[in-house]
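As a plain string of letters, each chain reads:
4 protein chains.
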Amino acid sequence: MAVRVQPINCTLKVEGDSSTDAMIDVLRKAFKGIGAQVEPTLRMAALNIKPGVTSDEGEGDDWPAARERILAADVLVFGTPIWMGQPSSLAKRVMERMDAFLSETDGQGRMPSYGKVVLCAIVGNEDGAHASSALIFQALNDVGWTIPAIAACYWVGEAMGSTDFKDLKTVPEMVDKTARMAATNAAHLAGLLKTSPFPGAGG
Amino acid sequence: MAVRVQPINCTLKVEGDSSTDAMIDVLRKAFKGIGAQVEPTLRMAALNIKPGVTSDEGEGDDWPAARERILAADVLVFGTPIWMGQPSSLAKRVMERMDAFLSETDGQGRMPSYGKVVLCAIVGNEDGAHASSALIFQALNDVGWTIPAIAACYWVGEAMGSTDFKDLKTVPEMVDKTARMAATNAAHLAGLLKTSPFPGAGG
Amino acid sequence: MAVRVQPINCTLKVEGDSSTDAMIDVLRKAFKGIGAQVEPTLRMAALNIKPGVTSDEGEGDDWPAARERILAADVLVFGTPIWMGQPSSLAKRVMERMDAFLSETDGQGRMPSYGKVVLCAIVGNEDGAHASSALIFQALNDVGWTIPAIAACYWVGEAMGSTDFKDLKTVPEMVDKTARMAATNAAHLAGLLKTSPFPGAGG
Amino acid sequence: MAVRVQPINCTLKVEGDSSTDAMIDVLRKAFKGIGAQVEPTLRMAALNIKPGVTSDEGEGDDWPAARERILAADVLVFGTPIWMGQPSSLAKRVMERMDAFLSETDGQGRMPSYGKVVLCAIVGNEDGAHASSALIFQALNDVGWTIPAIAACYWVGEAMGSTDFKDLKTVPEMVDKTARMAATNAAHLAGLLKTSPFPGAGG
Chain A
1 MAVRVQPINC
11 TLKVEGDSST
21 DAMIDVLRKA
31 FKGIGAQVEP
41 TLRMAALNIK
51 PGVTSDEGEG
61 DDWPAARERI
71 LAADVLVFGT
81 PIWMGQPSSL
91 AKRVMERMDA
101 FLSETDGQGR
111 MPSYGKVVLC
121 AIVGNEDGAH
131 ASSALIFQAL
141 NDVGWTIPAI
151 AACYWVGEAM
161 GSTDFKDLKT
171 VPEMVDKTAR
181 MAATNAAHLA
191 GLLKTSPFPG
201 AGG
Chain B
1 MAVRVQPINC
11 TLKVEGDSST
21 DAMIDVLRKA
31 FKGIGAQVEP
41 TLRMAALNIK
51 PGVTSDEGEG
61 DDWPAARERI
71 LAADVLVFGT
81 PIWMGQPSSL
91 AKRVMERMDA
101 FLSETDGQGR
111 MPSYGKVVLC
121 AIVGNEDGAH
131 ASSALIFQAL
141 NDVGWTIPAI
151 AACYWVGEAM
161 GSTDFKDLKT
171 VPEMVDKTAR
181 MAATNAAHLA
191 GLLKTSPFPG
201 AGG
Chain C
1 MAVRVQPINC
11 TLKVEGDSST
21 DAMIDVLRKA
31 FKGIGAQVEP
41 TLRMAALNIK
51 PGVTSDEGEG
61 DDWPAARERI
71 LAADVLVFGT
81 PIWMGQPSSL
91 AKRVMERMDA
101 FLSETDGQGR
111 MPSYGKVVLC
121 AIVGNEDGAH
131 ASSALIFQAL
141 NDVGWTIPAI
151 AACYWVGEAM
161 GSTDFKDLKT
171 VPEMVDKTAR
181 MAATNAAHLA
191 GLLKTSPFPG
201 AGG
Chain D
1 MAVRVQPINC
11 TLKVEGDSST
21 DAMIDVLRKA
31 FKGIGAQVEP
41 TLRMAALNIK
51 PGVTSDEGEG
61 DDWPAARERI
71 LAADVLVFGT
81 PIWMGQPSSL
91 AKRVMERMDA
101 FLSETDGQGR
111 MPSYGKVVLC
121 AIVGNEDGAH
131 ASSALIFQAL
141 NDVGWTIPAI
151 AACYWVGEAM
161 GSTDFKDLKT
171 VPEMVDKTAR
181 MAATNAAHLA
191 GLLKTSPFPG
201 AGG
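Chains as they are written, first to last, in my numbering: chain A, 1 to 203; chain B, 1 to 203; chain C, 1 to 203; chain D, 1 to 203.
Because the hints were derived from the structure by calculation, they are not lab data. A virtual CB, placed ideally from N, CA and C, is assigned to each residue, including glycine. Please note that a few of the clues may not be correct.
[As the list claims (entries may be wrong)] Dumping the calculated DMTMM-like pairs for lysine to aspartate or glutamate here, alpha-carbon to alpha-carbon at most 25 Å:
hint, chain 1, residue 1, chain 2, residue 2
1, B, Lys169, B, Glu104
2, B, Lys177, D, Glu59
3, C, Lys166, C, Asp17
4, B, Lys177, B, Asp25
5, C, Lys194, C, Asp106
6, D, Lys50, C, Glu59
7, C, Lys50, D, Asp17
8, B, Lys13, B, Asp62
9, A, Lys50, B, Glu173
10, A, Lys13, B, Asp25
11, B, Lys166, A, Asp176
12, D, Lys50, C, Asp106
13, B, Lys50, A, Glu57
14, C, Lys166, D, Glu57
15, A, Lys50, B, Glu15
16, A, Lys177, D, Glu15
17, C, Lys50, D, Glu104
18, D, Lys169, D, Asp25
[To be verified] Have a look at the derived ranges for each label pair, beta carbon to beta carbon:
hint, chain 1, residue 1, chain 2, residue 2, range
19, D, Pro40, B, Leu71, 37 to 45 Å
20, C, Gln37, A, Lys166, 47 to 55 Å
21, D, Glu104, B, Ile34, 20 to 28 Å
22, B, Gly60, D, Asp62, 55 to 63 Å
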């Protein structure tokens, strides 16, 4: 039973080429190379992810459907561009919507995210990748996600640079190597947790 | 000439009571006590602040008008609730829109924010105030804001608590004291920079 | 084969009662309750952890022995007090010493930390727990540690408070509950990875 | 009366060439170019900065003398290398020692740092500058430092790179430009606050 991977892209742009997509594609290839099933990317800017901290913010809210797709997978590839040295506002919004997991526990105290693993795909013209992975790891772990070894696949250019990852002629070798390791670790861990779920610890 | 203060509230809620408003009001009172002119609060959730990193994202974008009010003041009170231990997604969106300042410099390389000072008003049920002020300070300083001594006025309850600041019977003495110091420092510094602007350093 | 847990305490104090120890003890009890073997805590301030980013900084360096004990366990309980809203300088030093893992990979590209899981025990008088877990998660994940669901067990008092965790009359119920869940998740995950190690992805 | 600048270097190395020194020298030149008086750099690794949160940790502690030199200046250039995407452990230690300022207020509630401004000089092989400036701004602002517009002068190479700033053949134009702006802003603000100190707000 193949591990199922759901990428999301939190670029601010509704459409058009996205460097975050380019990084997600590097991970997509790595996951496919080890037999994982990778779903089409959810582009959050093209959906109406309403502000709020519940799982359904009412009419017109696209989060319930996105949430379902995310939770149907074993691995979440959380893609975000860096803006102001930090994850995008759309990335933050997605994290906020998962705050609802805290009150959606089962009889063993387990949130819907338990047993699922997350991987970050982070790109920017320049510095901010570590700040971004720190914030994503903390927020998602707080709401039940597990983080496999080497769970951040990122690229940024030299300080104060303006090159886009999508415009690089080739994927840097270190990025490609990191992507293969990150995908392997994530798939391995998701597989283990699928077979042997966290037992939970009371309600 | 009184120092002019513009508070913004980045709560996720379009309307209704807001703990962030309650904290902004503590600062409002402190500013009024020293003769500053405090404008009505801009509630970002009630506006359509479009995603993007320019100063005008086109039809329906309420940022241009909000931007104008923010830049008409000498002091920005940046109010945000804590969600997931971090500033709200709306707070991040406002910061992103200020990324445009980087390319809006005058002949001396000065951004529209030069000479203006920022103060944070941060509230949450629990932990995350320092994480929030760190992110706000870094992002806003990168785009030209000056940060006076003691520029974070915050309240959070005990770890994993659920009390709202707006429901406290009285404002804690330490919050009140911090607000008075923060307002005094901000008004003093804004006054100095109004009279003696940063000279800039070339284009 | 019981899971082996190694707690470390990064308090700044060489000796005496430590709130970080009090939190580690909450986790110790939780781990023992599920049959894990918990080693005596390594108090970093009582050792000479030299500055540097290698695994042995020469004469008098106590890191090589501490490193050996940490890597002999399956779970690391990373205990730190909050100072200035952030982990202690000693916590940062311990993280820096693990930077060496990056060049200590085996033939499959796996660092010595692969397959091991980390849990944070964080205490402070006030705010800073989320900022601390974000920094610890990011730094340790970068050097190969895996982070199980709910990997931060923390306590802080109300904003700008001065109560010490060690002086609380009883452990708050939420802390106790979190500790039991965190320990259960960590032990479960460490057990899985012990039996089925990460395969790695080339040298 | 010339503005007085005190640089500190929080490299982990006791001696030898330091990229952080190279960045401090860029700022030194910029400050000298506008007539400021720049003191010799305090290399923290060469001193015995004891762990703790008081202004004097007893016998052998070099902090009291370092503290005196820092407070004798109007501008602090806080230099740190990036390790694990974050400021060095020595940088954190220096920040911790300033925690004591909180209880060293005068009759108007002003800490010894009031009226003084701070500038960051941050270098790393790769990503982590924004994470570092966020942490430094937050910690130092909490203990009374003022942060002028554009207070982080940094350089990092491309993601996962290994080039040292000190080995660059020339200082990148953007770094040089930023340094001149940062120095100009810092000196201007320090000058204003020297002439017109923060009034404080009660004890």
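Hints and how they fare:
{"no.": "1", "hint": "B/Lys169 x B/Glu104", "verdict": "violated, 45 Å"}
{"no.": "2", "hint": "B/Lys177 x D/Glu59", "verdict": "violated, 36 Å"}
{"no.": "3", "hint": "C/Lys166 x C/Asp17", "verdict": "holds, 8 Å"}
{"no.": "4", "hint": "B/Lys177 x B/Asp25", "verdict": "holds, 14 Å"}
{"no.": "5", "hint": "C/Lys194 x C/Asp106", "verdict": "holds, 17 Å"}
{"no.": "6", "hint": "D/Lys50 x C/Glu59", "verdict": "holds, 19 Å"}
{"no.": "7", "hint": "C/Lys50 x D/Asp17", "verdict": "holds, 19 Å"}
{"no.": "8", "hint": "B/Lys13 x B/Asp62", "verdict": "holds, 17 Å"}
{"no.": "9", "hint": "A/Lys50 x B/Glu173", "verdict": "violated, 37 Å"}
{"no.": "10", "hint": "A/Lys13 x B/Asp25", "verdict": "violated, 36 Å"}
{"no.": "11", "hint": "B/Lys166 x A/Asp176", "verdict": "violated, 50 Å"}
{"no.": "12", "hint": "D/Lys50 x C/Asp106", "verdict": "violated, 37 Å"}
{"no.": "13", "hint": "B/Lys50 x A/Glu57", "verdict": "holds, 19 Å"}
{"no.": "14", "hint": "C/Lys166 x D/Glu57", "verdict": "holds, 23 Å"}
{"no.": "15", "hint": "A/Lys50 x B/Glu15", "verdict": "holds, 15 Å"}
{"no.": "16", "hint": "A/Lys177 x D/Glu15", "verdict": "violated, 35 Å"}
{"no.": "17", "hint": "C/Lys50 x D/Glu104", "verdict": "violated, 31 Å"}
{"no.": "18", "hint": "D/Lys169 x D/Asp25", "verdict": "holds, 15 Å"}
{"no.": "19", "hint": "D/Pro40 x B/Leu71: 37 to 45 Å", "verdict": "holds, 41 Å"}
{"no.": "20", "hint": "C/Gln37 x A/Lys166: 47 to 55 Å", "verdict": "holds, 50 Å"}
{"no.": "21", "hint": "D/Glu104 x B/Ile34: 20 to 28 Å", "verdict": "holds, 24 Å"}
{"no.": "22", "hint": "B/Gly60 x D/Asp62: 55 to 63 Å", "verdict": "holds, 60 Å"}
Checked against the numbered hints listed earlier, the structure breaks hints 1, 2, 9, 10, 11, 12, 16 and 17; every other hint is satisfied.
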